[in-house]
Amino acid sequence: MTMTTAIPYENHIPDVLQALQQVEVTMAEHGLDPLLVHLVKLRASQINSCGFCVKMHIREARADGETDERLERLVVWRHVDDYSERERAALKWTEALTTLKEDTDYGALRAELKALFSEAEISVLTSTIMMINLWNRMKASQH
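Quick note on the UniProt record's numbering: the sequence shown kicks off at 1 and runs consecutively.
Derived by calculation from the structure, the hints in this document are not laboratory data.
Hints may be right or wrong, so weigh each one.
List time: in silico DSBU-like cross-link candidates among lysine-lysine, alpha-carbon distance up to 30 Å [stated by the list, open to error]:
id : residue 1 : residue 2
1  : 139       : 101
2  : 114       : 101
3  : 114       : 92
4  : 101       : 55
5  : 55        : 139
6  : 139       : 92
7  : 92        : 55
Distance ranges between label pairs, derived from CB positions [as the list claims (entries may be wrong)]:
id : residue 1 : residue 2 : range
8  : 72        : 15        : 33 to 41 Å
9  : 127       : 105       : 18 to 26 Å
10 : 123       : 35        : 14 to 22 Å
11 : 99        : 119       : 21 to 29 Å
12 : 140       : 11        : 12 to 20 Å
13 : 103       : 8         : 38 to 46 Å
14 : 112       : 72        : 24 to 32 Å
Cβ coordinates follow ideal geometry from the N, Cα and C atoms, glycine included.
With the hints as extra help, turn the sequences into a complete structure.
Structure, rendered in structure tokens:
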């Protein structure tokens, strides 16, 4: 297999990358709990095997006060009691939108979210998941 150098997107589409960064800033202004956002971004990055992103999100979560114990257990979140009902619902939604399995019952997941989050929060949560998957795939294309 021929190895070629990764394309430096920032050199070719800096305006697009700046616009994507602005989307992140705008979403943060909507007030979704930053620790929840870190968990969602970290979990999607784990699923997508983006080592760069996993390291970055762990560092950012720690800086915002997340515990090492919860960060270490995130990969097995379904099997530990470290996460709130809201966090669990958000992590289920993250996994569903990251893996896109054919047999996923999105309606049931939305119902669970609607019982715990406002529609505005669900919108920001969903956008956060969309954006982290975009960033993960961009970084994966540079591996």
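So, going through the hints one by one against the coordinates:
Simply put, residue 139 and residue 101 have alpha-carbon atoms about 22 Å apart, close enough for the 30 Å limit, and the pair holds. At most 30 Å may separate the alpha-carbon atoms for a hinted pair to count; residue 114 and residue 101 meet this at roughly 21 Å. In summary, the hint linking residue 114 to residue 92 is supported, as the alpha carbons are separated by about 13 Å, within the 30 Å threshold. Restraint check: the Cα-Cα separation between residue 101 and residue 55 comes to about 26 Å, which is no more than 30 Å; the hinted pair holds.
Straight-line distance between C-alpha atoms of residue 55 and residue 139 comes to about 13 Å, which keeps the hinted pair within the 30 Å bound. A distance of roughly 23 Å separates the Cα atoms of residue 139 and residue 92; the hinted pair therefore holds under the 30 Å criterion. A threshold of 30 Å between alpha carbons decides the hint, and for residue 92 with residue 55 the separation of about 22 Å falls inside it, so the pair holds. The hint said 33 to 41 Å for the Cβ distance between residue 72 and residue 15, and at roughly 38 Å that hint holds.
The hinted range of 18 to 26 Å is satisfied by residue 127 and residue 105, whose Cβ atoms lie roughly 21 Å apart. Distance hint check for residue 123 and residue 35: the Cβ-Cβ separation is about 19 Å, which falls inside the suggested range of 14 to 22 Å. Taken as a hint, the range 21 to 29 Å holds for the pair residue 99 and residue 119, whose Cβ atoms sit roughly 24 Å apart. The supplied range of 12 to 20 Å is met by residue 140 and residue 11, whose beta-carbon atoms lie about 19 Å from each other.
For residue 103 paired with residue 8, a C-beta distance near 39 Å keeps the hint of 38 to 46 Å intact. Our hint of 24 to 32 Å for residue 112 and residue 72 holds, since their Cβ atoms are close to 25 Å apart.
In this structure, none of the earlier numbered hints is contradicted; all agree with it.
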